[in-house]
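**Student:** Sequence:
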Amino acid sequence: MVDKAELEAQCEETRLIIEELLEDGSDPDALYAIEHHFSADNFTLLEKAAVEAFKLGYEVTDAEELEVENGVTLMCCDVISECALNAELIDAQVEQLMQLAEKMGVNYDGWGTYFEDPDGEDDEDGDDEEDEGERIH
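Read the sequence shown against the UniProt record's numbering and you will find it ends at 137, with the numbers running on by one and no gaps.
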């Protein structure tokens, strides 16, 4: 069972992220790439969690190594959905993915997204270039 205090802290963080985005002028009607962060010190565990997240309908990035402050190397990946900046919807994703992370023995490290310019034009030329926007969280 997911720690209730930890879940409440994540839900509070969700509201802060949304508030900051909207205060900065991000498009309230845009669809956002919500990047939930998983990490583990064991690649096999992370891979199994990623497969389960994919089965739940999420897009999953390839695992990458990340060296943290004490010299420990973790394997990390993002579990991505596309949705509106709706706190209740994101809260449901957070809870679902926190439960999955706990079940699979990996860490759920929160989520982040990018600023969406309300005056930006749609990318109609088919380029697959990464957004150069500022990442929030």
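Incorrect hints may have been included.
FRET-style restraints, in silico, Cβ to Cβ [claimed, not checked]: (1) D119 to Q99: 37 to 45 Å; (2) E59 to N86: 31 to 39 Å; (3) E8 to I80: 22 to 30 Å; (4) D3 to T61: 20 to 28 Å; (5) L16 to D117: 14 to 22 Å.
Just so you know, these hints were derived from the structure itself, not from any lab.
Source: prediction; values computed, not measured.
Every residue gets a Cβ at the ideal spot worked out from N, C-alpha and C, and that includes glycine.
**Student:** If a hint holds in the structure, say so; if it does not, say that too.
**Tutor:** Tested hints:
no.: 1; hint: D119 to Q99: 37 to 45 Å; result: 39 Å, holds
no.: 2; hint: E59 to N86: 31 to 39 Å; result: 19 Å, violated
no.: 3; hint: E8 to I80: 22 to 30 Å; result: 24 Å, holds
no.: 4; hint: D3 to T61: 20 to 28 Å; result: 26 Å, holds
no.: 5; hint: L16 to D117: 14 to 22 Å; result: 21 Å, holds
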